[in-house]
Structures are given as structure tokens and as C-alpha cells.
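These protein sequence lines map, in sequence, to chains A and B.
Here the first sequence is numbered in full-length UniProt numbering, starting from 1 and rising by one per residue.
Here the second sequence is numbered in full-length UniProt numbering, starting from 1 and rising by one per residue.
Think of the hints as simulated: they come from the structure by calculation, not from any bench.
In this text, all values refer to a predicted model and were calculated from it rather than measured experimentally.
Note that CB positions come from ideal geometry on N, CA and C, so glycine has one too.
Check the hints yourself; a few may be wrong.
As the list claims (entries may be wrong) - Interface residues of chain A toward chain B, partial, derived using beta-carbon atoms under 7 angstroms:
#1 V5
#2 T282
#3 L283
What the hints assert, rightly or not - With beta-carbon atoms standing in for the labels, derived distance ranges:
#4 A/A235 - B/V377: 38 to 44 angstroms
#5 B/T232 - A/Y247: 27 to 33 angstroms
#6 B/G300 - A/S329: 18 to 24 angstroms
Unchecked claim - Which chain B residues face chain A? A few, computed with CB under 7 angstroms, are given here:
#7 T71
#8 E75
#9 A91
#10 S213
#11 Q228
#12 T232
#13 P236
#14 T239
#15 V348
2 protein chains.
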Amino acid sequence: MEGYVELFDYIERNKSKYLDWAARLISHPSVSAHRSGLKECAEAVAELMDDAGLRPSVHGLENSGPVVLGTLNSEAHATLLLYNHYDVQPADPVEKWTTPPFSPTVRNGKLYGRGSADNKGNIAARLAAVDALLGVLGEVPVNLKMLVEGGEEVGSPGLEGFVNRERDRLFADGCIWEYGYRNRRGAPVVYLGVKGMLYVELEAAGSGKEVHSSWGAVVENPAWRLVQALNTVRAPDGTVLIEGFYYDVDYSGEELLDNLSLEDFDPPSNLLQRRGGKLLRTLLLEPTVNINGLSSGYQGPGSKTIIPATASAKLDFRIVPRQDPAEISRRLAEHLSKNGYDDLRMRVLQSYPAARTSPDSFMAKLVADTARDAYGVDPVVIPSGAASGPMYVITDILGIPCVSTGVGYHGSSVHGPDENIRVDDFVAGVKHMALVMLNFHRYMHLSE
Amino acid sequence: MEGYVELFDYIERNKSKYLDWAARLISHPSVSAHRSGLKECAEAVAELMDDAGLRPSVHGLENSGPVVLGTLNSEAHATLLLYNHYDVQPADPVEKWTTPPFSPTVRNGKLYGRGSADNKGNIAARLAAVDALLGVLGEVPVNLKMLVEGGEEVGSPGLEGFVNRERDRLFADGCIWEYGYRNRRGAPVVYLGVKGMLYVELEAAGSGKEVHSSWGAVVENPAWRLVQALNTVRAPDGTVLIEGFYYDVDYSGEELLDNLSLEDFDPPSNLLQRRGGKLLRTLLLEPTVNINGLSSGYQGPGSKTIIPATASAKLDFRIVPRQDPAEISRRLAEHLSKNGYDDLRMRVLQSYPAARTSPDSFMAKLVADTARDAYGVDPVVIPSGAASGPMYVITDILGIPCVSTGVGYHGSSVHGPDENIRVDDFVAGVKHMALVMLNFHRYMHLSE
Numbered sequence: 001m002e003g004y005v006e007l008f009d010y011i012e013r014n015k016s017k018y019l020d021w022a023a024r025l026i027s028h029p030s031v032s033a034h035r036s037g038l039k040e041c042a043e044a045v046a047e048l049m050d051d052a053g054l055r056p057s058v059h060g061l062e063n064s065g066p067v068v069l070g071t072l073n074s075e076a077h078a079t080l081l082l083y084n085h086y087d088v089q090p091a092d093p094v095e096k097w098t099t100p101p102f103s104p105t106v107r108n109g110k111l112y113g114r115g116s117a118d119n120k121g122n123i124a125a126r127l128a129a130v131d132a133l134l135g136v137l138g139e140v141p142v143n144l145k146m147l148v149e150g151g152e153e154v155g156s157p158g159l160e161g162f163v164n165r166e167r168d169r170l171f172a173d174g175c176i177w178e179y180g181y182r183n184r185r186g187a188p189v190v191y192l193g194v195k196g197m198l199y200v201e202l203e204a205a206g207s208g209k210e211v212h213s214s215w216g217a218v219v220e221n222p223a224w225r226l227v228q229a230l231n232t233v234r235a236p237d238g239t240v241l242i243e244g245f246y247y248d249v250d251y252s253g254e255e256l257l258d259n260l261s262l263e264d265f266d267p268p269s270n271l272l273q274r275r276g277g278k279l280l281r282t283l284l285l286e287p288t289v290n291i292n293g294l295s296s297g298y299q300g301p302g303s304k305t306i307i308p309a310t311a312s313a314k315l316d317f318r319i320v321p322r323q324d325p326a327e328i329s330r331r332l333a334e335h336l337s338k339n340g341y342d343d344l345r346m347r348v349l350q351s352y353p354a355a356r357t358s359p360d361s362f363m364a365k366l367v368a369d370t371a372r373d374a375y376g377v378d379p380v381v382i383p384s385g386a387a388s389g390p391m392y393v394i395t396d397i398l399g400i401p402c403v404s405t406g407v408g409y410h411g412s413s414v415h416g417p418d419e420n421i422r423v424d425d426f427v428a429g430v431k432h433m434a435l436v437m438l439n440f441h442r443y444m445h446l447s448e
Numbered sequence: 001m002e003g004y005v006e007l008f009d010y011i012e013r014n015k016s017k018y019l020d021w022a023a024r025l026i027s028h029p030s031v032s033a034h035r036s037g038l039k040e041c042a043e044a045v046a047e048l049m050d051d052a053g054l055r056p057s058v059h060g061l062e063n064s065g066p067v068v069l070g071t072l073n074s075e076a077h078a079t080l081l082l083y084n085h086y087d088v089q090p091a092d093p094v095e096k097w098t099t100p101p102f103s104p105t106v107r108n109g110k111l112y113g114r115g116s117a118d119n120k121g122n123i124a125a126r127l128a129a130v131d132a133l134l135g136v137l138g139e140v141p142v143n144l145k146m147l148v149e150g151g152e153e154v155g156s157p158g159l160e161g162f163v164n165r166e167r168d169r170l171f172a173d174g175c176i177w178e179y180g181y182r183n184r185r186g187a188p189v190v191y192l193g194v195k196g197m198l199y200v201e202l203e204a205a206g207s208g209k210e211v212h213s214s215w216g217a218v219v220e221n222p223a224w225r226l227v228q229a230l231n232t233v234r235a236p237d238g239t240v241l242i243e244g245f246y247y248d249v250d251y252s253g254e255e256l257l258d259n260l261s262l263e264d265f266d267p268p269s270n271l272l273q274r275r276g277g278k279l280l281r282t283l284l285l286e287p288t289v290n291i292n293g294l295s296s297g298y299q300g301p302g303s304k305t306i307i308p309a310t311a312s313a314k315l316d317f318r319i320v321p322r323q324d325p326a327e328i329s330r331r332l333a334e335h336l337s338k339n340g341y342d343d344l345r346m347r348v349l350q351s352y353p354a355a356r357t358s359p360d361s362f363m364a365k366l367v368a369d370t371a372r373d374a375y376g377v378d379p380v381v382i383p384s385g386a387a388s389g390p391m392y393v394i395t396d397i398l399g400i401p402c403v404s405t406g407v408g409y410h411g412s413s414v415h416g417p418d419e420n421i422r423v424d425d426f427v428a429g430v431k432h433m434a435l436v437m438l439n440f441h442r443y444m445h446l447s448e
């Protein structure tokens with residue numbers, strides 16, 4: 001720790017500048033679901049890379065926001081890849097924000113704004129680490145490649161193609177994934193994996209137009225069709241009822257959960273009632289299905305008496321290693337058909353597998369050990385987060401170990417209103433990233 | 001029929017004026033669900049009554065649009081009550097209308113506009129009948145009372161109170177209810193009753209705020225709660241699963257259905273699959289439950305990964321004679337509680353019983369016989385319509401026979417986009433109403 005005093009001092013002295021870097025990115029409303037503001041935000045990321053000392057290049061994609069690639073070459077025979085994304089979730093319901101989502105604001109030691117935790121605060125922190133190392137040492141003792149995409153929140157549609165095309169250019173020895181946070185006990189959480197994702201929209205089409213609801217006695221109602229079909233997909237205790245859904249599930253890494261409890265993850269209050277109650281295992285290691293939205297017929301004030309023209313649901317399946325999203329999608333279609341619901345239209349909006357890195361990898365050790373130094377607290381290492389992301393492009397396509405950590409905390413309200421990070425966590429996160437870069441080469445060779 | 005030549009000629013010659021009366025009312029966007037444009041439309045109805053020769057008075061109600069009452073006194077010892085409403089359903093989805101809903105337009109022999117069939121065309125037709133009788137005979141040979149309310153589409157919240165308060169003033173020997181239509185075979189349909197209504201909103205509240213959907217594995221999702229709860233309320237074949245729901249159901253009048261088929265009612269294409277297949281009986285005589293709308297979470301384009309903050313459904317129960325809406329509401333709450341869903345909030349938006357008049361009453365005979373003369377076709381008399389309305393205030397509170405007929409047709413798209421009536425039906429409807437007024441006294445005394 002003592003060896004880092006100068007570096008840490010430098011970071012503390014420059015924290016306003018680094019926070020401002022985060023704010024510059026947050027002020028861009030880069031909502032990938034609406035395909036808005038992406039190009040402008042990509043340019044802002046490139047500018048920031050340039051300010052921090054990386055050489056940026058912007059790569060347009062056909063079906064997504066551009067990818068921004070930053071590189072910094074050093075003398076070292078070791079290369080660290082950083083993965084982030086500059087796109088964000090929609091900010092609605094906007095009326096629930098205390099200050100506007102795209103007007104970054106610091107109050108009570110917190111930086112508020114859509115993307116502060118997911119994921120723009122992390123882009124800024126990583127570039128700040130580069131700036132600090134250059135400021136203190138005059139160099140970064142590892143080759144850096146920073147890949148910042150613009151489609152993560154909508155399933156990273158162009159990422160796999162880009163990584164396949166640029167495989168040589170992207171090669172590295174290890175990767176830091178986009179996010180992470182400090183739990184209620186103050187411990188930084190280090191993730192060794194993520195869940196995969198199958199996001200589908202189901203639509204029941206009725207007669208195609210609204211009909212007076214007095215016909216409800218004898219006419220198929222698409223809202224009832226949808227309700228009935230959804231009810232066959234999941235049991236009240238959360239179990240997915242699709243045949244074969246759990247066949248390939250891999251529970252390895254469960255032993256890492258022994259010293260943890262669900263409370264460490266600051267769960268919302270209304271937990272599912274399950275027999276057995278292994279909720280932490282369920283959260284981190286089991287696949288699940290969730291309704292993100294329901295839409296049908298009249299939703300305004302008061303009453304309107306109609307049979308809706310159509311009814312639709314948005315569902316996300318969070319899948320785990322060895323589950324193939326295409327296979328799950330096929331099983332879902334088969335399930336609906338077998339249960340008499342093949343009139344429902346199914347549209348796949350996102351589809352990608354899970355990813356995992358071994359706790360014995362040098363990346364796992366490097367990130368955990370440096371977290372201890374940066375935060376002054378023992379980190380918590382978990383086999384997989386509950387959330388999803390296209391980490392498989394790193395672990396499976398590039399074939400390198402990948403670990404996730406970042407500047408959020410348990411109260412960050414990721415994807416919700418008043419998303420925020422704590423300034424102190426942000427500063428610790430900058431220190432952490434600087435230590436990862438500083439020690440990368442040594443850990444990589446320790447493991448050989 | 002010959003005796004009516006002069007009267008019918010008069011009506012034909014004045015049809016442009018009478019259509020214009022309908023258009024004057026349609027141009028008011030009197031949407032009771034939004035509580036908008038009601039007072040203005042009530043004034044327009046009063047003006048039209050005055051133009052037609054009735055003495056109007058406007059009665060403000062606390063919880064609904066004003067009631068407009070029109071009277072015309074004759075020498076006869078017989079009084080006919082006319083019930084109508086000037087409020088309409090919301091016009092959304094507005095983008096599905098060929099011409100704007102509140103800009104009445106005649107094209108291809110049809111008058112388009114929200115309220116043309118339900119119920120403003122009928123107000124105009126009844127006043128036109130008065131105008132024609134005064135024009136040809138110089139008098140209307142029956143006392144008239146015309147009650148036009150402004151809250152029918154939201155469950156007539158003030159009507160029962162008004163009728164109770166004004167019981168003496170409203171007393172009559174028989175009543176014509178608001179609506180009716182010609183079926184695909186051209187037969188005017190005469191209704192001897194309506195279903196009742198229990199309209200409820202069910203809401204499942206989650207944690208009260210959106211949560212990242214990665215928590216979906218272990219956190220209660222209000223959308224799933226709602227889907228599960230709704231699924232316990234109704235079987236896929238339409239049967240209502242609430243205990244005791246069918247206890248009090250009265251199937252009398254079924255014999256009137258013998259010569260009819262569902263096709264006469266121009267059903268939408270996607271009928272429920274039911275064993276037994278007595279769909280016509282189900283439509284007209286059985287109670288049912290319908291989903292009017294579902295609302296939860298993210299409904300925009302693309303994907304958003306959240307556990308919704310809340311989920312709600314709008315349901316209408318169409319009930320039949322002897323079913324008490326308060327009792328059904330109690331049974332529904334009990335049902336939800338018994339099935340483990342007492343966390344769902346239930347709000348009653350409309351609640352009133354069904355109504356029926358005997359096929360042997362003088363009103364049933366009068367309306368059927370005069371329909372034959374006005375339309376030149378045998379009418380179809382049915383024990384109850386599939387739709388609902390507060391007819392009980394006439395049959396149960398005032399205690400007089402009540403029959404429904406009107407100027408719509410099978411393609412009127414009531415409550416839907418491009419609502420319309422055919423000009424020829426409108427003219428025949430005016431004739432029909434004039435004949436009802438002309439023959440009322442005679443039929444009333446025939447039945448004594």
C-alpha cells in the first residue's frame with residue numbers, strides 16, 4: 001500500500017477532473033433502445049480517450065451504435081483489454097427522477113444521472129487510471145486496448161461480428177469487464193462471470209381490431225390468450241416450466257457462495273417464497289424468466305369496454321453456462337405450440353450465452369488482490385453476477401480470462417430512476433484500475 | 001302502411017336536416033371517461049330538443065355529466081319515456097380512424113363519427129320523429145319524457161340517484177331504451193333486456209419501483225403476480241372460475257333464440273372453442289368476464305430489462321338477471337384471497353344489475369309491430385342484448401316495461417374506430433320512432 005501513496009494522492013487531487021469526465025459522457029442521452037444519441041456519445045468517448053492518452057478510433061456498425069476502440073502501447077509483453085459500453089437504458093419514467101437523467105448532478109457526495117453506474121462512470125474511471133499512471137510514472141506498464149460499444153443494453157447486436165472481424169487486433173492476455181459495485185458491507189464485488197440472455201416479445205393477435213367487449217362471452221380475447229400462455233411458462237415459485245429448460249445447467253462455483261448471504265447483495269424487499277430457500281444460488285447460478293412489460297387494450301383513466309386488438313409481453317430469460325439461447329428459444333416455441341398457443345407470435349430481441357472465468361485464473365487473483373489495496377477492504381469474489389452481458393465474446397471468442405469490477409454501489413439504482421454512484425467509490429475505483437494496470441504483467445507471469 | 005305515406009314522405013324530405021342534427025351532437029367530443037366536453041354536449045342536446053319541440057331542462061349532477069330532460073305534453077293519457085346518453089367512449093386509437101372521430105362525415109351512404117351509433121344518432125332520430133309528427137299532424141299523440149344522460153359509458157354514476165329523486169317527474173307507461181341495430185339479414189333487432197356490469201381494476205404492486213430484471217430470479221414480479229391471479233379467474237373456454245358465480249343465473253327467454261343463429265349477430269371471426277357450442281345462449285344469456293386492458297412495465301420499442309413497479313388489468317364482468325354486482329364483487333375479492341392473491345388491490349369502476357322486460361308486455365309488441373311497418377322487414381326480438389346498460393333504473397326503480405331499438409347496423413363498429421350508421425337505417429329509425437309514438441296509446445290500452 002505504501003508504494004501507492006503518490007499515485008493515490010494524484011488521483012485524489014484530480015478527482016474533480018475525473019468526475020467531470022464521467023459527467024461529460026452522462027450528458028449524452030445515448031439510449032440504444034431508441035437508437036438516439038449514439039454517434040454523438042461515441043465521439044465524446046473518443047475525445048475522452050484522446051484526453052487520457054489513448055489513441056482512439058471509431059468503427060461504424062450496421063445494426064448498432066459505433067464501437068470506439070482505444071489503444072496505448074507500452075514496452076511490456078502483456079496486454080489488458082477493457083470492455084465498456086456508452087449506451088444506456090431508457091430513462092422513463094422520467095418523472096420519477098429528482099434531477100433530469102441526462103443532466104449529471106453531484107449532491108450529497110453522489111453523482112446522479114442515467115449511466116453513472118451503468119456504464120459511463122466506469123469508462124471515466126478507467127481512463128482516469130491511465131491519466132494518473134501517465135501523470136505519476138510517465139507510462140502505463142501494460143499494453144491497453146479499450147473497447148467501448150454502443151449496443152449493450154439492447155443485446156450487443158454488432159459486437160460478436162466486430163470481435164470476430166477484429167480478433168487479431170483485439171487479442172489480449174486478460175480482460176476487465178464493464179461493471180461492479182460495493183455491497184452494503186462496503187466490500188467491492190468482483191464477478192467472474194455473467195448470465196446470458198434470451199429476450200423475447202410474445203404477441204397474441206386477436207381479430208386485429210378492437211371489438212365491443214359484450215362479445216367477450218364468445219370471442220377469443222388476445223389478453224386472455226397471453227395471460228394463459230404466460231401462465232404455462234413459469235410456476236408461482238419462479239420455476240420455469242419449459243421442458244428441458246434445466247437440462248444443461250451447470251452449478252460449478254457454488255462453493256464461492258458459502259461465506260455470502262443474499263443480504264450482502266441488498267435485495268429488494270419482496271422476495272419470492274420458495275421452499276428450500278437457496279435464494280443466493282438461485283440469484284447467481286440459476287436461469288430464470290422475467291416479465292419486463294405487459295401491454296394490451298385500454299390503459300387510460302376510467303373504463304373502456306373493449307376486447308383488445310392485440311396483447312404483448314416482453315420476457316427476458318437469464319441463462320447460465322451450457323444453456324444455448326437458440327436451444328432455449330426453440331424449446332419455448334415448442335412449449336407454446338404443445339400447449340395450444342402456436343397462434344402467439346414470438347420475436348427474439350436479444351440472444352447470447354453466459355460466460356465464466358475460473359477463480360484460479362491470474363485475472364481473478366489480480367483483480368481481487370488489487371481491490372483490497374484500493375478499497376482497504378476485502379473484496380467479495382462471486383462465480384457469476386445475476387445480470388447478463390455479452391462476456392462470451394471475450395471468454396469464448398477471444399479465449400481470454402475476464403473479470404468484472406466497477407464503481408457502483410448497492411444503492412446505484414441501475415436501470416431505474418435516480419441512477420447514481422458515490423464519489424468516494426468512484427475515486428477508489430480509479431485507484432483500483434490503476435493498480436490493475438500497474439500489476440498486470442507481474443500477475444500474468446506469476447501464473448505461468 | 002298506407003296511412004303512413006304522408007308521414008314517411010315528410011321524413012324523407014327532411015332527412016338532411018335530421019342527419020345534420022346527428023352531426024351537431026357528434027361534433028362534441030363528450031368523452032365521459034376523460035370527463036371532457038360533457039357540459040357543452042348537454043347544452044347541444046337541450047338546444048336540439050328545443051328545435052324539435054320539446055321543453056328541455058338541464059340538471060347538473062355531482063359525479064357525472066348533466067342530465068338533459070325534455071318534455072312534451074299532449075292530450076293523451078299515456079306517457080312514453082325515452083332513454084339516451086350523449087357521452088361516448090374514448091376515440092383512441094385515433095390513428096385508426098379514416099376521418100377524425102369528432103368531425104362527422106357522410107361518405108358512401110354512411111355517417112361516420114364517434115357516437116353516430118352509440119348513441120347520438122338515436123337522440124337525433126327520436127327528436128326527428130317528434131319534428132315529423134308535429135309537421136304532419138300538428139301534434140304528438142302521447143306525452144313524451146326524454147332523459148339523456150352523460151355518464152352511460154362510465155357506468156352511469158349519477159343516474160340511479162337522479163331517477164330516485166325525480167321518480168314522480170319521470171313516471172311513464174313504457175320506455176324505449178337507447179340503442180339497436182339491423183343485422184346482416186336486414187332485420188331490425190329489438191332487445192327486451194341488457195346485461196348488468198361489474199367493471200374492476202386489479203393492481204399488483206411490487207416493490208413500488210422498477211428493479212433491474214436480474215433480480216427476477218428471486219424477487220416477486222407484479223406482472224407475474226397479475227398473470228397468475230387472472231389465470232385463476234377464468235378457464236380458457238371462457239368459464240368463470242369464481243365459486244358461486246353461476247348460482248343465481250336465470251336462463252328465461254331462451255326459447256326466443258330458437259329461430260336465431262349466432263351468424264345473425266355478425267360475430268367477429270375468432271370465436272372461442274367451447275364444447276357444446278351454445279354460443280348464442282352464451283352471448284345473450286350467460287355472464288362472462290373480459291380483459292379490457294393490461295398495463296405493466298416497459299411497453300416501448302426494443303427491450304428494457306426491469307422488474308415492473310406495478311401491473312394492472314381492467315376487467316368487465318357482464319352479469320345477468322338475479323346476479324347482484326355487489327355479491328359478485330365480494331366473491332371475486334374472496335376468490336383472490338383464497339387463492340393467495342390478497343396483495344392485489346381491487347377497485348370497482350362500474351357496478352349495476354341486469355334488466356329484462358317480458359315478451360308479452362305491450363311495449364314488446366308495440367316496438368316489434370311498428371318496426372315491421374317502418375323497416376318493411378320482420379324484426380328479431382331477443383330476450384337480452386350482449387351489452388350492458390343501467391336499464392334497471394327503468395324496469396326496477398320506475399317499474400315500467402322497457403325495450404331497446406335504434407339506428408345502428410351490424411357494421412357500426414360501436415366503441416371502435418370508424419364508428420358509423422347507414423343513412424337509410426337512420427331514416428327508417430326515424431319512421432320507427434314516429435310510429436311508436438303514434439301507436440303508443442292504442443297498444444297500451446290493448447294490453448289492459
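Status of each hint after checking the structure:
With its C-beta approaching chain B no nearer than about 37 angstroms, A/V5 sits outside the 7 angstroms limit, and its interface hint is violated. Residue-level restraint check for A/T282 holds (minimum Cβ-Cβ distance to chain B is 5 angstroms; threshold 7 angstroms). Interface hint at A/L283: satisfied, since its Cβ lies 5 angstroms from the closest Cβ of chain B, which is below the 7 angstroms cut-off. Evaluation of the 38 to 44 angstroms hint for A/A235 and B/V377 yields a failure: the beta carbon distance comes to about 56 angstroms.
Take B/T232 and A/Y247: their Cβ atoms lie about 30 angstroms apart, and the range 27 to 33 angstroms holds. Range check, B/G300 to A/S329: about 22 angstroms between beta-carbon atoms, so the 18 to 24 angstroms window is met. Taken as an interface hint, B/T71 does not check out: its beta carbon lies about 31 angstroms from the nearest beta carbon of chain A, beyond 7 angstroms. Hint on B/E75 is violated. Least Cβ distance to chain A is approximately 41 angstroms, over the 7 angstroms limit.
With a cut of 7 angstroms, the hint placing B/A91 at the interface with chain A is violated, because the nearest CB-to-CB distance is about 10 angstroms. Annotation: interface hint on B/S213 holds; nearest CB of chain A at approximately 5 angstroms, less than 7 angstroms. Contact between B/Q228 and chain A, as hinted, is supported at the beta carbon level, the nearest pair being about 5 angstroms apart and thus within 7 angstroms. Checking B/T232 against chain A by beta carbon gives a least distance of about 9 angstroms; that is not within 7 angstroms, so the hint is violated.
Interface hint status for B/P236: upheld, as the beta-carbon distance to the closest one in chain A is roughly 5 angstroms, under 7 angstroms. Because the smallest distance between the Cβ of B/T239 and any Cβ of chain A comes to about 11 angstroms, over 7 angstroms, the interface hint for this residue is violated. Using the Cβ-Cβ criterion of 7 angstroms, the hint placing B/V348 at the interface with chain A is not satisfied: the shortest such distance is roughly 10 angstroms.
Taken one by one, the earlier hints fail for this structure at numbers 1, 4, 7, 8, 9, 12, 14, 15, listed in ascending order.
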